[in-house]
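J.: Here this note's numbering is used: the first residue of the sequence shown is 1, the next is one more, and so on.
Don't read these hints as lab results, they were simulated from the structure. Treat the hints with care, as some may be off.
[As the list claims (entries may be wrong)] Cβ-Cβ distance ranges computed for the label pairs, FRET-style:
no., residue 1, residue 2, range
1, GLY368, ALA331, 45 to 53 angstroms
2, ALA54, PRO231, 25 to 33 angstroms
3, ALA84, LYS187, 12 to 20 angstroms
4, ASP45, ALA332, 41 to 49 angstroms
5, ASN113, ALA84, 23 to 31 angstroms
6, PRO66, GLU134, 29 to 37 angstroms
7, ALA29, ASP261, 43 to 51 angstroms
8, ASN113, GLY391, 23 to 31 angstroms
[Unchecked claim] Subject to a maximum C-alpha distance of 30 angstroms in a straight line, what follows is the list of computed DSS-like cross-link-like pairs (lysine-lysine):
no., residue 1, residue 2
9, LYS187, LYS290
10, LYS187, LYS140
11, LYS366, LYS380
12, LYS140, LYS380
13, LYS290, LYS152
14, LYS290, LYS140
15, LYS380, LYS56
By construction, the Cβ of each residue, glycine as well, lies at the ideal position given by its N, Cα and C atoms.
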Amino acid sequence: MADEPVLTICVPSRNRQLYFRQTIDALLANGRDDVQFVFADNSDDPSIMNAFMAAKAGDRRVTYLPSGDRVYPMMENWERAVAAARGCYVTVIGDDDYADPDLAAFLLNLERNLGPVDALTWSGFNYNWPVEGEHPLPLKLDLAARVTRFDKRDLMARAFRWEGSLHVPLCGNSVYHGAISRTLLLKIRDHFGGRFFEFPTIDYENAFKVILTGQHFYHVSRPFSVPGVCPLSNSAATRTVVAEDASVIRFNQDLGRDINDDPWLSDTPFRAGHGVTATIFVIQHWLCRKYGFPHAGYEENLVRAMVINCENFRDRASFDTLSARYRATLAAWHEGRYLPLFEPRFTPAPQVQPAARQLLWTGVGKDGHLHFAEDAADTKTPGDLFSVLGGLLVPADEIDVNLPS
1 MADEPVLTIC VPSRNRQLYF RQTIDALLAN GRDDVQFVFA DNSDDPSIMN AFMAAKAGDR
61 RVTYLPSGDR VYPMMENWER AVAAARGCYV TVIGDDDYAD PDLAAFLLNL ERNLGPVDAL
121 TWSGFNYNWP VEGEHPLPLK LDLAARVTRF DKRDLMARAF RWEGSLHVPL CGNSVYHGAI
181 SRTLLLKIRD HFGGRFFEFP TIDYENAFKV ILTGQHFYHV SRPFSVPGVC PLSNSAATRT
241 VVAEDASVIR FNQDLGRDIN DDPWLSDTPF RAGHGVTATI FVIQHWLCRK YGFPHAGYEE
301 NLVRAMVINC ENFRDRASFD TLSARYRATL AAWHEGRYLP LFEPRFTPAP QVQPAARQLL
361 WTGVGKDGHL HFAEDAADTK TPGDLFSVLG GLLVPADEID VNLPS
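Model the full assembly from the supplied sequences, consistent with the hints where possible.
T.: This is how it looks when you write it as structure tokens:
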């Protein structure tokens, strides 16, 4: 492996060794020698991963960071993983995810033809790890590989003015399931507090800093990673407000403090953990207050995003709880000026009778997307599924990077 690989794939982990080991095996099955893998364990029992990684010691591509003499907050585990990266580009995935090491070939091609690349995002799909008694879900992917250049002004509007948002801004550009140049990451570290990550909601904090600091943003419709959802995933544990609240308590215990106590948040009634939309806004408020960025023109779009956040809950208790929180917050915000815009409508989930598994349709639709089931070809991990689909995707080094004039 070269001293400066093209790509570093970082995988921080905590107490999910069953999934972590399978993810490592899937990544290392790719033989590219211009990729570095940083595996950062942070488990209560270090011996499990230490024994597993001992067999990988001969792979020069691997940088293994074992558990320390204390449990690291998630933000600190990510920090040490990215600090160990030597690649020209860096991506971070979860221990139940998968990233395609051939991303390195596409990044080289993109840079060679279009010049500097600060951030690359891609399309994709989530994958639910098999759980006994639960049926696989239908998935689809774009078989094309269209490259798009993003205008920074548009990204700023989507990120900070919440233009076109759903319950969260549609801006991407995070190191989490995205590729960020290490040069830009080092610039962010030097400019923002001497750290890669300062706010515990790591993915959005990083995305906002990337958009503020970078200049050259690209997207490709071909997937280069698969976010996984195992039974222990954070996303699997936040399907009701009660579950979200329990997750926030665990998160604060892990962090060792409540981020809402930060003095930079003293002039806003919004609180991290009181709804996803509120949490994302709190990151922006904290960032802009701490570093002196002006932040305005988002207010009505933000309220609309809160409405969507409430309406995403299809159980009445979660809908009512979150709606009440947002109403109280909006009443205290700008003297209640935006409260009349907040009118969420509850829609109960449809009643679905338990049924035997139905065969999901597989094929290419009129939109050019391939439709398939999560367990296509009896796959049982994100890496397995990506391997099966790989023969249908445009090879990474053959993607046409010529942009429309």
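J.: Would you mind marking each hint as holding or not holding in the structure?
T.: Verification of the hints:
1. GLY368 / ALA331: 45 to 53 angstroms: holds, 48 angstroms
2. ALA54 / PRO231: 25 to 33 angstroms: Since ALA54 and PRO231 have Cβ atoms about 28 angstroms apart, the given range 25 to 33 angstroms holds.
3. ALA84 / LYS187: 12 to 20 angstroms: Given a distance of about 18 angstroms, which is inside 12 to 20 angstroms, the answer is holds.
4. ASP45 / ALA332: 41 to 49 angstroms: holds, 45 angstroms
5. ASN113 / ALA84: 23 to 31 angstroms: Since ASN113 and ALA84 have Cβ atoms about 30 angstroms apart, the given range 23 to 31 angstroms holds.
6. PRO66 / GLU134: 29 to 37 angstroms: Hint holds: Cβ distance 34 angstroms, inside 29 to 37 angstroms.
7. ALA29 / ASP261: 43 to 51 angstroms: holds, 45 angstroms
8. ASN113 / GLY391: 23 to 31 angstroms: At roughly 25 angstroms between Cβ atoms, GLY391 and ASN113 fall inside 23 to 31 angstroms, so the hint holds.
9. LYS187 / LYS290: holds, 17 angstroms
10. LYS187 / LYS140: violated, 37 angstroms
11. LYS366 / LYS380: Holds: LYS366 and LYS380 sit about 28 angstroms apart, inside 30 angstroms.
12. LYS140 / LYS380: Holds, because 17 angstroms separates the two Cα atoms, which is no more than 30 angstroms.
13. LYS290 / LYS152: Within the cut-off at roughly 22 angstroms; holds.
14. LYS290 / LYS140: violated, 41 angstroms
15. LYS380 / LYS56: holds, 23 angstroms
Violation of the numbered hints given earlier is confined to hints 10 and 14; the remaining hints are satisfied by the structure.
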